[in-house]
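Chemist: Here is what each chain is made of, one letter per residue.
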Amino acid sequence: MAARQETVARVESIDVDAYKYGFSTDIESEKAPKGLNEDIVRFISAKKNEPQWLTDWRLEAYRRWLTMPEPRWARVHYPRIDFQDLYYYSAPKSTPGPKSLDEVDPELLRTYEKLGIPLREQEILAGVETRRVAVDAVFDSVSVATTFKAELAKAGVIFCPISEAVHTHPELVQKYLGSVVPVTDNFYATLNSAVFSDGSFVYVPKGVRCPMELSTYFRINEQNTGQFERTLIIADEGSYVSYLEGCTAPKRDENQLHAAVVELIALDDAEIKYSTVQNWYPGDSEGRGGIYNFVTKRGDCRGRNSHISWTQVETGSAITWKYPSCILRGDGSQGEFYSIAVSNGYQQVDSGTKMLHLGKNTKSRIISKGISAGRSQNTYRGQVSAHRKADGARNFTQCDSLLIGPNCGAHTVPYIESKNPSAQFEHEATTSKISEDQLFYAMQRGLSAEEATALIVNGFVRDVLQQLPMEFAVEAQKLISISLEGSVG
Amino acid sequence: MIKLASEAEATLSSFYEEMRDKGAPRLRAAGWAAFSESGVPNRRVESWHYTDLKTAMGRPAPLATASRAALSLPRAHDSLRLVMLDGAFRPDLSDIARLPDGVVVLSLRDALGQGELHVMSALASADIGAQDPILALNAALMQDGVVIQIAPGAAIDRAIELATLASAEAAQSTYTRALVMLGAGARATVIETLGALSSAPAQDNSALVLRLAPGARLDLVTHFSGGVDQAIRVASLLAHLDVGAMINSFALIEGEGLNRRQIFARLDGEKARAVFNGATLGRGRLHADTTLIVDHAKPCGESREVFRNILDDQSVGVFQGKVIVRPGAQKTDGVMQSKALLLSEQAAMNNKPELEIFADDVQCGHGATCGRLDKDQLFYLTARGLPRREAEALLIEGFANEAMNAIEDEQLQAFLSDRVSAWLSRRISR
Amino acid sequence: MLEIKDLHVSVGEREIIKGLTLSVKAGEVAAIMGPNGTGKSTLSYVIAGREGYEATSGDVRLNGENILDLDPAERAAKGVFLAFQYPVEIPGVATMTFLKAALNAQRRARGEPELQTPEFMKRVKEAAASLGIAPDMLRRPLNAGFSGGEKKRMEILQMALLQPRLAILDETDSGLDIDALRVVADGVNALRSPERAFVVITHYQRLLEYIRPDSVHVMAQGRIMRSGGPELALELEERGYQDYIAQEAA
Chain B
1 MAARQETVAR VESIDVDAYK YGFSTDIESE KAPKGLNEDI VRFISAKKNE PQWLTDWRLE
61 AYRRWLTMPE PRWARVHYPR IDFQDLYYYS APKSTPGPKS LDEVDPELLR TYEKLGIPLR
121 EQEILAGVET RRVAVDAVFD SVSVATTFKA ELAKAGVIFC PISEAVHTHP ELVQKYLGSV
181 VPVTDNFYAT LNSAVFSDGS FVYVPKGVRC PMELSTYFRI NEQNTGQFER TLIIADEGSY
241 VSYLEGCTAP KRDENQLHAA VVELIALDDA EIKYSTVQNW YPGDSEGRGG IYNFVTKRGD
301 CRGRNSHISW TQVETGSAIT WKYPSCILRG DGSQGEFYSI AVSNGYQQVD SGTKMLHLGK
361 NTKSRIISKG ISAGRSQNTY RGQVSAHRKA DGARNFTQCD SLLIGPNCGA HTVPYIESKN
421 PSAQFEHEAT TSKISEDQLF YAMQRGLSAE EATALIVNGF VRDVLQQLPM EFAVEAQKLI
481 SISLEGSVG
Chain Z
1 MIKLASEAEA TLSSFYEEMR DKGAPRLRAA GWAAFSESGV PNRRVESWHY TDLKTAMGRP
61 APLATASRAA LSLPRAHDSL RLVMLDGAFR PDLSDIARLP DGVVVLSLRD ALGQGELHVM
121 SALASADIGA QDPILALNAA LMQDGVVIQI APGAAIDRAI ELATLASAEA AQSTYTRALV
181 MLGAGARATV IETLGALSSA PAQDNSALVL RLAPGARLDL VTHFSGGVDQ AIRVASLLAH
241 LDVGAMINSF ALIEGEGLNR RQIFARLDGE KARAVFNGAT LGRGRLHADT TLIVDHAKPC
301 GESREVFRNI LDDQSVGVFQ GKVIVRPGAQ KTDGVMQSKA LLLSEQAAMN NKPELEIFAD
361 DVQCGHGATC GRLDKDQLFY LTARGLPRRE AEALLIEGFA NEAMNAIEDE QLQAFLSDRV
421 SAWLSRRISR
Chain C
1 MLEIKDLHVS VGEREIIKGL TLSVKAGEVA AIMGPNGTGK STLSYVIAGR EGYEATSGDV
61 RLNGENILDL DPAERAAKGV FLAFQYPVEI PGVATMTFLK AALNAQRRAR GEPELQTPEF
121 MKRVKEAAAS LGIAPDMLRR PLNAGFSGGE KKRMEILQMA LLQPRLAILD ETDSGLDIDA
181 LRVVADGVNA LRSPERAFVV ITHYQRLLEY IRPDSVHVMA QGRIMRSGGP ELALELEERG
241 YQDYIAQEAA
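Protein chains in written order, with my numbering: chain B, 1 to 489; chain Z, 1 to 430; chain C, 1 to 250.
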């Protein structure tokens, strides 16, 4: 059918180089020497003026990491990474921890303006934005600005760079850091534990409903730099927080490494909503460059009736290796995973979730929508398990893949394990291409092939988009269109 | 490259020394090399993650020696029976004389001796499943078996039964391989019976290689039964389908011990169709693993898999099913469904349905569920007057039936229904 | 036939039926009407013995015998039949197999001889023919993929076959077009007899034009609010249920 041919042709010729956030910022930075050894780990720790326990923690991680093999089980292919050829620490030179935005390099502020990230509260308050979002901006290895801190403090919410929390709230950091993703968890998480530079820290006290959305914006700028941020969010009993994460990087011919760790802890009756719009540079149309996104994200529903919800829109990165998971430990706890993963060009995505049902009457829900185009490979990999004591556990999984063009791949690899007869698990998966009937129908009503495709793709991902906060949903929808540029207006 | 370490592998190596000069040296050598890559699989081998063969096997039992004992074997079906006993083909126990026109049967040993090219190449058609260490081990160590050739266009009405049985009083290892070749447009029904006549914990590794020429159709029913707690049985099916060929199969796993059914099917011609259904009746400590790979290599293929695991006591069910659609295999239609019923607190199920799709114009999907009997259904039946145990039995029977619907042969359908009823009546009477 | 006295029923923590009293004589057709969510289906479930519907106090008697402690199968054998509002689909179980198993289980429980296949087939085919149920439907799995009308007709077929003493029809008219409604009503009317009682639960008066009730009871807020003759149904048709809802709020 002509419309389909046209769509396919357009997708094939897509200009991934049209990556909108591909500019780089010319800014002086301070770097640690290339390579990784115990001295570099100590250097990073010293830069942050960390207490001894944290230095030791990092060193232990580093030594452990040396003994670990790189994981090879994911359906992704890339040349061996030379971990000695990377910089593990890079900071904009003028900002060893700015006290106010006025101290922030104006070049950097312009970067965030270009990215559309509001860092000036007054601008937000002046009504430019309809909704207030507190932002922590992380540039390469350090946090450059956190907004709305004072107002959050009034509610008792702590939202600051983790490097700062180590000093201001050491007891919380020491208690929870590594308690969800242990130092020894996996190759990349262990590496992160050794060299993490910065990231966000959130603590919501008992019974507090966080008065605004919290957001972190990650940006990799420096060449040959690994970004290893670490996020720790603790929702104390009966609290609620919604957290948004966005990511971009400049266009570079080399591959850049991003190995983050995110730990969420929800105590009794607490709820954490974590949303990500990941738009790291995916590489050019020949598959050169792009971010290697090897991320460990895990939430621990530690308390009774706690609730953790992951929503992700993944459009970027050359390689994505990411499984935001929930440990459903507390009785009656709930985990959710809503995902849209779009791949195009030569992108490789291996992403999914784990829902580990340990407690009684725990519930989980997985909705995954994969869209593959170009020559990309898009894999959903997920695990749902019920342990012996998980009486009354419930899971529902819906996993759909859409293929655009004959040269891409869509794969589904679920592991569903039940050791409890009262656990009720349901899993469904489908793979298909955009329906010619739907395309024809929409075009007969006057839409162009591009518009029709956009319409159908939006319908396909609708269940997940609905989970995002409104502004994010709009942004995500645009992003999906851009990622499928050529086929989607 | 040989990097064998454990005692188990050393023993297997001695088996290989014993078998390597017994025909098909290249096939054996290739099998041994492939096996040596990984050795006896444990949980760290992805495709064996839920079946720890290494631990179960421990030290391999001695290689079986063929018995000459005269036996009278009971018949469960009206079929033409070919018997593999203790690792050897037994023409004296088989219905050789009654074979109809169009069917030629040869022992594997003789076939390897004659070395006919088309037979040898069919035996070696390991383009799929080649990476499986246990199938590779079967090629390296095959002791005997049968080669059945069905002439083009022949329609064989009576079912041919391949009975692989162990009778020795002591534990033994058997390695058997059968080859069934259907000529163009031929039709046949095969019953694969895997059973034990003694209570010794046998370790059986069998393979059935099928080659279906264009337009051929094979109906296949496989029945795992008997076995004791320590027994190990891995039965591999290697199916190769040409243009328009069809296989309609069903496997029932019951009994005891560790059982694994592996299916490696390649739909290598356009419009090939495959049905791989199965059911497990789990009791005691039965471990029943069904692992299948259906590989759509050409356009317009169709595959259907319906599996039902019914698990009581401490039995464990495993279902790993992968549907592959190769680049260019457009218009593939694949549906896979695996459902499990856990009937006791200690039963467990592991489901891993996979899709691997490299073509866009396809319709593929899978579903997997796991849980206990549906409360609404139970209430509906008891409200109509059925006592609870009977209502449960009826629901379980219905659950199993869904996997048996595609069987067309009434005799086989009745045979399997009887097996389900027998299993259920034992459950009710407890 | 059926005597319900001051019945209270809870589902989980929530009390749904709050002191319901109702009496239905042999040969009588009693209609229970009421707005949605007043516990009409709960009443049908508690009479049939569904798990999770707990009678916290009160009595349900069938011919003088308290049936609340019996399991659903025992109640069925004593002649309780519930035509479900949403008949359950049971894939894999052929309708015919199910019908025979149910009928013979009830006969066994009552100490009657089991029906042999030829006699059974004869009865099923007759009943099916009178309800316009095609023979091939009986070979299909029970209710699986049946349309709404087919499912309801299958319920009536089961009733005809099982010959209950007390038949409860839970919203049997919902989702039926006029032709199907007539077939179903004819099936019910054919079974009316001096030995048999019917409880017809419905939201609309429409069904009662086809199945003429002897008594009409208005159920709201978990109780019978008013009882009367067939004319009460017409009044409800005209005025709706707001009187009863308002009464509760006041």
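These are calculated hints, taken from the structure and not from any lab test.
Just so you know, even glycine gets a beta-carbon here, dropped at the ideal spot from N, CA and C.
A portion of the hints provided could be inaccurate.
[As the list claims (entries may be wrong)] Okay, derived cross-link-like pairs now, DSSO-like style, lysine-lysine, Cα gap no bigger than 30 Å in a straight line: (1) LYS322(Z) <-> LYS354(B); (2) LYS54(Z) <-> LYS389(B); (3) LYS298(Z) <-> LYS389(B); (4) LYS298(Z) <-> LYS354(B); (5) LYS331(Z) <-> LYS298(Z); (6) LYS125(C) <-> LYS78(C); (7) LYS54(Z) <-> LYS22(Z); (8) LYS5(C) <-> LYS375(Z); (9) LYS322(Z) <-> LYS298(Z); (10) LYS360(B) <-> LYS54(Z); (11) LYS206(B) <-> LYS175(B); (12) LYS78(C) <-> LYS122(C); (13) LYS54(Z) <-> LYS419(B); (14) LYS298(Z) <-> LYS419(B).
[Unchecked claim] With the Cβ distance kept under 8 Å, some of the chain Z side facing chain B (calculated, not the full set): (15) ALA70; (16) GLN131; (17) LEU197; (18) ALA347; (19) ASN350; (20) PRO353; (21) GLU356; (22) ASP361; (23) GLN363; (24) CYS364; (25) HIS366; (26) GLY371; (27) PHE415.
Chemist: Go through the numbered hints given earlier and state which of them the structure violates, listing their numbers in rising order.
Modeler: 3, 4, 10, 14, 15, 16, 17 and 27
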